[in-house]
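Engineer: With the hints as constraints, model all of the structure from the sequences given.
Protein chains: 4
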Amino acid sequence: MLYFLNDYSEGAHEKVLQHLIDTNMEQLPGYGTDHYCEEAKEKIKKACGCEDAEVFLLTGGTQTNQIVIDTMLQPYEGVVAAQTGHVSTHEAGAIEFTGHKVLTLPEKNGKINAADLKNLVETFYGDENHEHMVFPGLVYISHPTEYGTLYTKKELTEISAVCREYKLPLFMDGARLIYGLVGKETDVTLQDIAKLCDVFYIGGTKAGALCGEAVVFTGNSMPKHFLTRVKQHGALLAKGRLTGVQFDALFTDDLYLEIGKNAIETAAVLKAGLKEKGYTFYIDSPTNQQFVVLENRKMEELKKDVQFSFWEKKDDTHTVVRFATSWATRMEDVEKLLSLL
Amino acid sequence: MLYFLNDYSEGAHEKVLQHLIDTNMEQLPGYGTDHYCEEAKEKIKKACGCEDAEVFLLTGGTQTNQIVIDTMLQPYEGVVAAQTGHVSTHEAGAIEFTGHKVLTLPEKNGKINAADLKNLVETFYGDENHEHMVFPGLVYISHPTEYGTLYTKKELTEISAVCREYKLPLFMDGARLIYGLVGKETDVTLQDIAKLCDVFYIGGTKAGALCGEAVVFTGNSMPKHFLTRVKQHGALLAKGRLTGVQFDALFTDDLYLEIGKNAIETAAVLKAGLKEKGYTFYIDSPTNQQFVVLENRKMEELKKDVQFSFWEKKDDTHTVVRFATSWATRMEDVEKLLSLL
Amino acid sequence: MLYFLNDYSEGAHEKVLQHLIDTNMEQLPGYGTDHYCEEAKEKIKKACGCEDAEVFLLTGGTQTNQIVIDTMLQPYEGVVAAQTGHVSTHEAGAIEFTGHKVLTLPEKNGKINAADLKNLVETFYGDENHEHMVFPGLVYISHPTEYGTLYTKKELTEISAVCREYKLPLFMDGARLIYGLVGKETDVTLQDIAKLCDVFYIGGTKAGALCGEAVVFTGNSMPKHFLTRVKQHGALLAKGRLTGVQFDALFTDDLYLEIGKNAIETAAVLKAGLKEKGYTFYIDSPTNQQFVVLENRKMEELKKDVQFSFWEKKDDTHTVVRFATSWATRMEDVEKLLSLL
Amino acid sequence: MLYFLNDYSEGAHEKVLQHLIDTNMEQLPGYGTDHYCEEAKEKIKKACGCEDAEVFLLTGGTQTNQIVIDTMLQPYEGVVAAQTGHVSTHEAGAIEFTGHKVLTLPEKNGKINAADLKNLVETFYGDENHEHMVFPGLVYISHPTEYGTLYTKKELTEISAVCREYKLPLFMDGARLIYGLVGKETDVTLQDIAKLCDVFYIGGTKAGALCGEAVVFTGNSMPKHFLTRVKQHGALLAKGRLTGVQFDALFTDDLYLEIGKNAIETAAVLKAGLKEKGYTFYIDSPTNQQFVVLENRKMEELKKDVQFSFWEKKDDTHTVVRFATSWATRMEDVEKLLSLL
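Protein chains in written order, with my numbering: chain A, 963 to 1303; chain B, 963 to 1303; chain C, 963 to 1303; chain D, 963 to 1303.
Each hint should be verified, as a subset may be incorrect.
Residues from chain D that face chain B, not an exhaustive set, calculated with beta carbons under 7 Å [to be verified]:
no., residue
1, Gly1061
2, His1062
3, His1094
4, Ala1230
5, Ala1234
These are computed hints drawn from the structure, not numbers from a lab.
Where a beta carbon is used, it is the ideal one built from N, C-alpha and C, also for glycine.
Structural biologist: Below, the structure is given as structure tokens:
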């Protein structure tokens, strides 16, 4: 069985696992105060080109979105996000659970744009009754988006400018960030992100770790008593080393980039092969998620040999499916998949 | 440096780690639907002698307390706990964060008793104005308690009887449960707990896992759509295998009991040695946490060679400190510690 | 100055006020346990043709929406509402404050329809990942809507049928309900509403009371310990008589219908007059709110003599404004307004 | 039947009611923006000797406690209160509903003291693990307390000093404040309160209004966007005039003091009469609530002619009951009551 179901199907990248093994019997203090957490944070700040950032390691994506959004917002504020944003649709109401509304913007290829954002904010403040409404308090974007697409540097810069004009912090969900950094088509670097966003996270779970997301607060944006709030959310690990050691490995010798490259290269071969075979794409994705239209009969046949994700019904005879590659995808499996298609 | 700081200083027990290594490259579905989660759950149910239980794997202790309490309670209900209960004091308000009050009972050696519980419930229902008050909706106990003490089977049975009389589910925080199951002085088994409690958890974080707590719902007590609520709390791991594999190892060939025994045996030697040397105990603990009164000068001296926890000031010249053993404690280190005392 | 700003500009209808005066020095028990509350509830149940309903008196509209929605929903559920619903837009996030998402449907003239509702529910349950999403748990409609429009009996029946098919309670926001009951164009009676909805409220604040909304739970839908939950929301009046006496007056000799009629009759004259003068309507409203397009210059001129509401900008030279009538509107003022237009 | 059940048994004081009648048909803007609200606020600020205060009118006591505490606290903070404080016991968990813990202090005659408060705060900050605990963020006191007792100026000054030392705002629940201002035994004035507290409220519901509590924020302590947060709590009245007109009346020609005096004078006569007859008091209250020990047989007999409150069981043959006077209590009724005792 070939496995293109998602990018979190295996355990940890071998170097990450090895670091866990090597450090296993070291006796370390708890709650993220150990030296591996410290070193991981330093390496991340260096990679971001942002020495004065503050980094906090959390466990999973929805948890991170919930905690960052809840702690960055005032109680009377909501978060602005694309209608297709993960926080808008697939987090079981985790944002509302903490008392905040998700204010949605239209999306194109999973992305919002600066003009729509500006319009939302100005419409809000222009409304005589805005004190009876939810204040926009933070802007959420994902990069890559839920559709595998990427913001260009120009797009990000424009969104960031609107955010700064209206004093709205900009938050980037980087659950799959490493897959957005290494492609040939992107002009956005980690350093750009650190400059343009007030807070973002670098996903580990979907990028070679067993679990873990590294939140980077730039420019003194870390909320007061953040550790206590993480604890209050039930998200503070006693063995903080678990995420510390893994991120230490991911940011040693640029392992995160190496991991990203394998995913992008295998995805590119898959994409090129599919194009050649005349398949239609649901969306043009430059990253590790490829959304392809399959004839239903073909899809059923493929299921016998390949695991992939149902995305949505296209019409009565066609379906959109997703093939995901990752750090663990072998090129030979891509070739096998192509030969089956 | 000798390390008696706590029971979560090392990584994972070697067999737990080995299972993670062995299964690392298996491609598994996410969110706890993999077969290791399934097998772990089956083994846990068997160990509990409770085939119709439902088991759910979470990441940490405060998270588990928060989710179990929030989902078992109606919105107008609070949880009854000892004044010294972890949920009452050291969880940064995680229970109140989800809208529920902690209704406190007096404690003796960290334990509540059936009579006080009955009195609280009857006083509540006897009050003409109880509709203006928080309804008791769940009873929380920890076993071992925060002071390392244990309920006897008789005490547990009495508390459980009051709970059932008033239809209050009984919830046991078992963050250190394995250390409570293996001592010579206890008459409470895992099967007893499964019979007397409506929900409890078996801690992994403090018992040889990198992270993970296994919640056991007995007698159809699992709240509806529990997975969705876990997701809503930000606590659903994408790589559910991380906890599944670890609990699979812990419950294979009774590894959890073996782990517990090492902690109890080393603690017993430490306790006996301290007694012999004439040290005073703050509390008589039969488990892996030993609370000892040290002369302040002695304490300072000891700090040079040993890591241990400050517990509380006793008087101007004495301090209560805690020495914790674990699955990882070596008997030779206990002997070295005793020689220093 | 003529006053068409809204339907809550005056104090109480004279008969409501008189009842407050007449009963003022009676000594009554608190928290809604007095006999006026009791009598008001009986009269309301009779008017609804629903003897087994339960009625609870609250203070204001947003409060009522928040409490009904929060108490009718399970924690993992959200409320379905039109994008233009009051709970979606103008309640400062009061629904999200209690942890629930507002799941929006498209609207036409402020109304949702059965087909869109059915589609939302079926799409939800058809999604493989719906356990990672917010469950639809209640359907919210307003009648009259925020645009003064009314559901027909057929429309309501269809929506109610979808709700019952999927076991979704149907909740009607009746902040202006009395204005929807008395027009010539409506075929929906209070009894119909009691049959088709699981819970609804009859607004007092906008209908001749100083404050107060009467929530009617039909068919055993009242949440358990509702009084405690109202208290927990900070919404239980010590002097429950304040709302009890007022609703007792409103439902004595059908005062509520009389009040509604004056608003509708004055609005009808205004509407006919405006039509005759060739004004364009933003929406065709059969109730007490009339939305009219004014030339900006005309609007500015009118402001000198008349108070009305800005609704939205139509184009560079035109604006939509709202004229609201009420129980207190005098026909002579309508005539004066028409002469100014 | 004589009525000493509580201080909110009647409707409104005649002057308050008359003002409602006189202003009833005035057309006023909504949501507290009318000129009666404005005038009431100005008069209150003047009475408090605090021109730069901000005043906000709410509806009821629990609502006010909930909103003030929730909006003054950071999310990681709790409110410090006496174990017997209203927020600790009789508000159905309204504080926890908004996510905050009530941190309790021991009480004496319903009062906390500066030393215990200082101790709580220092113990908190002295704890190495305080980041895992709830931060004290606000101090709540009631004056008169739930037992009718009063703080002396010295006590208040000391508590206020501790609060300021640790930057903890001091909040006074003044649901019955007017009854605490007019007695012969108190040395605390409204101006003192405005100087020593950061926020307090002057109760209307128990002091001659149909409903309404006036929150006074001194020294720029009003939380940002307070109106929006009140709306979000479901507590913003559309007809803000309802509370505005009533407080305008209460603070015209010192009506609030006149109202307070009647309650205190009738209570004083009752207290003196009871003392003379040899009754034992449960607590020595200088205000309008008198707590008396009655022989059970006597209590049952009295119930035929008098309404009063059960407070608590004293022993098998005696009960503590409460007699409450108010602005509406007639001296002749006190005399009748005394003749029955």
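Engineer: Each hint: holds or not?
Structural biologist: Hint by hint, here is what the structure shows:
1. Gly1061: Result: holds, 5 Å to nearest chain B Cβ.
2. His1062: holds (6 Å)
3. His1094: Given a least distance of 5 Å, the restraint on His1094/D holds.
4. Ala1230: violated (27 Å)
5. Ala1234: violated (29 Å)
The structure fails hints 4, 5 (numbered hints given earlier, in ascending order).
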